[in-house]
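Spelled out, the chains give:
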Amino acid sequence: MVIQKTFTVTTRGRGTHEITAAVQDIVADSGVTTGLCHVFLHHTSASLMLCENADPDVRADLETFMARIAPDNDPDYVHTAEGPDDMPAHVRSVLTGNDLTLPVSNGRCDLGTWQGIYAWEHRSAPHRRRVTVTVLGSG
Amino acid sequence: MVIQKTFTVTTRGRGTHEITAAVQDIVADSGVTTGLCHVFLHHTSASLMLCENADPDVRADLETFMARIAPDNDPDYVHTAEGPDDMPAHVRSVLTGNDLTLPVSNGRCDLGTWQGIYAWEHRSAPHRRRVTVTVLGSG
Amino acid sequence: MVIQKTFTVTTRGRGTHEITAAVQDIVADSGVTTGLCHVFLHHTSASLMLCENADPDVRADLETFMARIAPDNDPDYVHTAEGPDDMPAHVRSVLTGNDLTLPVSNGRCDLGTWQGIYAWEHRSAPHRRRVTVTVLGSG
Numbered sequence: 300m301v302i303q304k305t306f307t308v309t310t311r312g313r314g315t316h317e318i319t320a321a322v323q324d325i326v327a328d329s330g331v332t333t334g335l336c337h338v339f340l341h342h343t344s345a346s347l348m349l350c351e352n353a354d355p356d357v358r359a360d361l362e363t364f365m366a367r368i369a370p371d372n373d374p375d376y377v378h379t380a381e382g383p384d385d386m387p388a389h390v391r392s393v394l395t396g397n398d399l400t401l402p403v404s405n406g407r408c409d410l411g412t413w414q415g416i417y418a419w420e421h422r423s424a425p426h427r428r429r430v431t432v433t434v435l436g437s438g
Numbered sequence: 300m301v302i303q304k305t306f307t308v309t310t311r312g313r314g315t316h317e318i319t320a321a322v323q324d325i326v327a328d329s330g331v332t333t334g335l336c337h338v339f340l341h342h343t344s345a346s347l348m349l350c351e352n353a354d355p356d357v358r359a360d361l362e363t364f365m366a367r368i369a370p371d372n373d374p375d376y377v378h379t380a381e382g383p384d385d386m387p388a389h390v391r392s393v394l395t396g397n398d399l400t401l402p403v404s405n406g407r408c409d410l411g412t413w414q415g416i417y418a419w420e421h422r423s424a425p426h427r428r429r430v431t432v433t434v435l436g437s438g
Numbered sequence: 300m301v302i303q304k305t306f307t308v309t310t311r312g313r314g315t316h317e318i319t320a321a322v323q324d325i326v327a328d329s330g331v332t333t334g335l336c337h338v339f340l341h342h343t344s345a346s347l348m349l350c351e352n353a354d355p356d357v358r359a360d361l362e363t364f365m366a367r368i369a370p371d372n373d374p375d376y377v378h379t380a381e382g383p384d385d386m387p388a389h390v391r392s393v394l395t396g397n398d399l400t401l402p403v404s405n406g407r408c409d410l411g412t413w414q415g416i417y418a419w420e421h422r423s424a425p426h427r428r429r430v431t432v433t434v435l436g437s438g
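Protein chains in written order, with this note's numbering: chain A, 300 to 438; chain B, 300 to 438; chain C, 300 to 438.
So that you can see chain A by itself, here it is in the shape it has in the complex (with noise of 0.2 Å):
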């Protein structure tokens, strides 16, 4: 069985956006009871991560640091025509990724008590983010 849905995030500018129920949603509605659920953001400045979802502290923390190795209007990036925002938005896409696979088992994906899936905007402005989940196994 294989299932596959689509939906927008619309962000508020850089900061992260908790998806968590739309994944779960779309996991219990595929009949899929064991397997893979595969969540994939379809940008090159915005990126998918499992976090820590008790404590807002840990998310702005994560920017801290990301502010830190990957800074704004850094002096040594080339690629600087779309904002002193863009290259450091790369930069962050890249470590952190933009696939998360996990298991589903029971119906719906075995997260961690505190794992959160969180789509990270890491531009300034606000943007329209598209993402697919696709829902792979037996049913």
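FYI, nobody ran anything at the bench for these hints, they're computed from the structure.
Careful, some of the hints might be misleading.
Where chains are identical, the list cannot tell them apart; a pair therefore holds if satisfied intra-copy or between any two copies.
Below, in silico cross-link-like pairs of lysine to any residue (SDA-like), each with a Cα-Cα straight-line distance of 20 Å or less [unchecked claim]:
#	residue 1	residue 2
1	Lys304	Gly411
2	Lys304	Glu317
3	Lys304	Thr412
4	Lys304	Arg427
5	Lys304	Pro374
6	Lys304	Asp324
7	Lys304	Thr332
8	Lys304	Ala320
9	Lys304	Asp373
10	Lys304	Gly438
11	Lys304	Gly406
12	Lys304	Ala424
13	Lys304	Asp409
14	Lys304	Ala359
15	Lys304	Thr333
Keep in mind it's a predicted model, so treat the numbers as computed, not measured.
Since the structure of chain A is already known, use the hints to place chains B and C on it.
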């Protein structure tokens, strides 16, 4: 065909724990000859990685690298209630990821000669880490 | 349906090598219309990434970034027998990963407009890098 198994890694605190043999055993028992093997760690302060498996200095040097870019006791972090190593553990986990997908060929994970699969504990204290392996493909 | 193919990328030393067309050809030949395409690189000192495919400056700037956080000749590393670029290559490989999973829709990898698939050589010298593509899904 879809086979799914879970096991627990008991870590000794910060450092790596090789799980290649445990994963290969699950693949061998699965009966899948061609397909994919997905490995997932259900936690946000430990991660999975593929790493050079011949010289343990490589993994020691990776700790050196992480200690430099994500040091403990970072004064800029807000999420500090669970200890000075907690937020750095989340950062390291996000940078290296909690899921790996590997090709299965001829009934085994087709890893490169020097590729080992490691669970990487990022907290200072020992923990029990749950790992789920899903093998999908044709028999 | 499961189809698996292997090919070799001959690199010219440190830098990126686009493999999008090679991967799309395997997907097109597979007969899979909906499912997943998994790409795997069997080495620990080179990696795979999705990256902006329009402006080559993006990939040059990524090298600039990596040279800053994981420079060659780092005096803190112990694993130096294979050269001053070897341990930095392992670090870069661990940060960016050796596997990518992509959605297959309508018989092709459904990449975003600006997403290209790149093998990223992290060693200074040219190498031959083995890549395995596995396509899984319904026809």
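Should Lys304 paired with Asp373 be assigned to within, between, both, or neither, using CA atoms and 20 Å as the limit? neither (38 Å within a copy, 41 Å between copies)
20 Å Cα cut-off: does Lys304 pair with Ala359 within a copy, between copies, both or neither? Classified as neither; 30 Å inside a copy, 35 Å across copies.
First find the shortest C-alpha distance between Lys304 and Gly406 inside one copy, then the shortest across copies, and answer within, between, both or neither for a cut-off of 20 Å. both (16 Å within a copy, 15 Å between copies)
Can you give me the call for Lys304 and Glu317, within, between, both or neither, at a CA distance of at most 20 Å? within (17 Å within a copy, 28 Å between copies)
Homomeric proximity label, Lys304 with Thr333: Cα distance no greater than 20 Å: Both, since 18 Å and 11 Å are each at most 20 Å.
Checking Lys304 and Ala320: alpha-carbon separation at most 20 Å within a copy, between copies, both or neither? within (14 Å within a copy, 25 Å between copies)
Lys304 and Thr332: within-copy, between-copy, both or neither at 20 Å Cα: Answer is both; intra-copy 17 Å and inter-copy 14 Å each pass.
As a check of your reading, is Lys304 near Pro374 (CA-CA no more than 20 Å) within one copy, between copies, both or neither? neither (41 Å within a copy, 42 Å between copies)
Should Lys304 paired with Asp409 be assigned to within, between, both, or neither, using CA atoms and 20 Å as the limit? Cα proximity of Lys304 and Asp409: in one copy and across copies (19 Å, 12 Å).
Should Lys304 paired with Gly438 be assigned to within, between, both, or neither, using CA atoms and 20 Å as the limit? both (17 Å within a copy, 17 Å between copies)
Is the C-alpha distance from Lys304 to Gly411 at most 20 Å within one copy, between copies, in both cases, or in neither? Between. Shortest inter-copy distance 15 Å satisfies the 20 Å Cα cut-off; intra-copy 23 Å does not.
One pair to classify: Lys304 and Arg427, alpha carbons no more than 20 Å apart. Within, between, both, or neither? Classified as within: same-chain Cα gap 16 Å, cross-chain 35 Å, threshold 20 Å.
The structure fails hints 5, 9, 12 and 14 (numbered hints given earlier, in ascending order).
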